[in-house]
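*Asks:* Model the placement of chain R on the given structure of chain L, informed by the hints.
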Amino acid sequence: MHEVDMTQCLLLSMHQWKQQHDPLTPRVQRVHLQVGDFTCVEPDQLVATWRVAVRQSWLEGAELAIETLPLVGRCVRCNSTYAPTAAAAYRSPCCDHPMEEIVSGRELRIRSVDYTLDAPAPSPFATATAV
Amino acid sequence: MHLPLEDTLGLNLLAANQHQAAHNREHFDAWRLLCINVMSSPGAGKTSLLERSLTALSSDLAMAVLEGDMTTQLDAERLEASGVPVVPITTGRACHLDAAMVSGGLKLLQQRLDPAGLDLLWVENVGNLVCPAEFEVGEHRKVALLSVTEGDDKPLKYPVMFREADCVLITKTDLLPYLPVDIARIEAHIHAVNPRCQVLRVSASSGEGLEAWHGWVRQQQAAVTAAALPLVPA
Chain L
-16 MHEVDMTQCL LLSMHQWKQQ HDPLTPRVQR VHLQVGDFTC VEPDQLVATW
34 RVAVRQSWLE GAELAIETLP LVGRCVRCNS TYAPTAAAAY RSPCCDHPME
84 EIVSGRELRI RSVDYTLDAP APSPFATATA V
Chain R
3 MHLPLEDTLG LNLLAANQHQ AAHNREHFDA WRLLCINVMS SPGAGKTSLL
53 ERSLTALSSD LAMAVLEGDM TTQLDAERLE ASGVPVVPIT TGRACHLDAA
103 MVSGGLKLLQ QRLDPAGLDL LWVENVGNLV CPAEFEVGEH RKVALLSVTE
153 GDDKPLKYPV MFREADCVLI TKTDLLPYLP VDIARIEAHI HAVNPRCQVL
203 RVSASSGEGL EAWHGWVRQQ QAAVTAAALP LVPA
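Going line by line, the protein sequences match chains L and R.
Quick note: the first sequence uses my numbering, first residue -16, plus one each step.
Quick note: the second sequence uses my numbering, first residue 3, plus one each step.
Hints listed in this document are in silico derivations from the structure and should not be mistaken for laboratory results.
Note that CB positions come from ideal geometry on N, CA and C, so glycine has one too.
One thing to keep in mind: the hints can contain errors.
[Said to hold, decoys possible] Estimated spans, in silico, between C-beta atoms of each pair:
no., chain 1, residue 1, chain 2, residue 2, range
1, L, Cys77, R, His4, 50 to 58 angstroms
2, R, Leu7, L, Val(-13), 39 to 47 angstroms
3, R, Arg220, L, Gln39, 50 to 58 angstroms
Isolated chain R (complex conformation):
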C-alpha cells in the first residue's frame, strides 16, 4: 500500500544549527556573559580591532576569544599576546563558523578556565561577507566591519550581513585622506539596508572612535548580563 502522504514541517532549513546555537546561548546566559560575533570580509581589520579592544577593555572586563580561521592559527597567536585566553578554531574547508564548531571551542575553553568568571566572549568569525550571516552561533550581538578601502557599494552588494548586524564598524578611517571614498555614502548605504544598527567610525591604527566602540560594548555587556535570568539556587 503506497498512500501518497504530505507532512507540513514549517521548520527552518538551518534548524539543526539553530538548535545547537540555542544550546550555546543557554550556556552563555547561565554564565552571565555577553557573546559578540565579529564578522567581515578578509582583511577588514577584525584581528587588529580585537588587539586594541582586548587591551583597552581587559582592565574592567574578563574576556576570552574563540578565533575562527580556515587553516592557520596566525590570528590566534596575535591575540594571545594581549594576555586574554584565545581558543583557535580551524574550520578547514568551511568558510564560516557554525554553532557546533563554537560548541567545540567552548569545550576547549572550559579545559582552561571556568567561563562563569567571564564577562565577555568574542567570537572572531572567518573572513567572509556571505556565509557567516546565516549561521547563528548563539551570540547575543553581531558586529560587522567594513573598511573604507572596500568601497561604498558593499552594504548593497552583501546586504544580508549588514542587515543582520547590531553594530557596523567602518574601519581604517585613518586612510580616508588617501582614498577617493565618501564615508557619508558608506554610512547612508548601511543605514538604507539596516536603519536600526549602530554605525561607528573607527581606526585601530590611530585609535579614532575606539572609545565610542568600547562604550557600545560595555553598554551591551551590562544590558545582556542584567537581562540574563537570575541563577536559581537548586
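Bound conformation, chain L alone:
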C-alpha cells in the first residue's frame, strides 16, 4: 500500500500550492493526475486513499481524476514507436530490440487543479466609511 505514502506526498504538494493563495483558501473541485502504465501505482487504490485522506480537511469533497498513460517504447534501431508487453519481454516487434527508450508510461504527474476562490469578505471599516 505505497499509495498511502504517495497520497501523503500529494497532500504536501497541495498544501504548498494552497499557500500561494494565502490568505484565501482555494476550494478545490478536482486534482488531475497523469499516471503512466509503467509505474508502481494502482490508480483505483490512489483514489480510494485520497478519499479517506481528504475527509474533514480543506480538500474535503475534492475529487482525484487520474488519466492513465500507456507504455510507449521507441525502437532505437528503426525509430518506430511500439507498445511494449511483458509477453514479448518488452522487446520491439519491428526489430526484436530491447526496450531502450521509453517515450511515455513513467509519468507520475500532478497535472492541474480545478478550484474556485472566494472573494475576500469586505472589510467592516470599508463598509463603515461607505455609509
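*Replies:* Chain R alone, transformed into the frame defined by chain L:
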C-alpha cells in the same frame, strides 16, 4: 464570487519525497561519498551479500550502512558483526524506505561519526520488488538483486525495479546445479527491460562473482567522488 480557475502544476506526484531526496544527495556530495540503494524481494540475499562486501571492502573503503527493516533489527545485528557502523531504520507499516526516513537515519549516524570521513554509504532497503522502485532516497546508484530461485520471469513481472537499477546482481548462483532454471534467460529478461544496466552473477556462499561486483562498486565510488563538486573554502 466563484470564478472557476485552473492551475497547471506539472509537478511530480512524489515531489515532496524528491525534494527531500535531493537534500540528502546534497549532503552525500558535500561529504564526497557514494550512496548505493540495495533493493530486492525478501530473501534474495541483500544482507548476506552485504556481509561479504563489508568484510571485503573495509580494508580500502570507509563505510556505513542504513538498514531498513519493517519491524525487527535482525539484519542490523548481523551486519554489525562486520565492524562497520550500522544504523537500523525500522519502517513499521511502510514497505519501503523514503527520503525522510533516510534523512532520519543520517541524523542518527551523525551522532556516531562524521560522515565526511566515509567513502561509501549503503542503504539496504526493505525487501520488496515494487514500492522501493518509485521512492528515491538520494542515492547515486540503485542495485537490484534477483536470486536464481525466484524464477526467470521476475524481471518481466516487476519491470520497473529492474528498469531503474544501475546494476542487477543474480544471486545464489551456487544453487544452479539443483534448479531447473536457465540463467541465460534471466539475463535476457533483465537486458530486455533495461539494456543499459550491468548484470553480474554472484554467490555470497561460494564467493563466485564477488570480485567483479566489488570492482563495480569501487569504480562507481571513484566516479562519483571525482564528479562531486570540489569543496570551496568559505
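*Asks:* With reference to the structure, classify each hint as holding or not holding.
*Replies:* Here is what the structure says about each hint:
no.: 1; hint: L:Cys77 <-> R:His4: 50 to 58 angstroms; result: 52 angstroms, holds
no.: 2; hint: R:Leu7 <-> L:Val(-13): 39 to 47 angstroms; result: 29 angstroms, violated
no.: 3; hint: R:Arg220 <-> L:Gln39: 50 to 58 angstroms; result: 54 angstroms, holds
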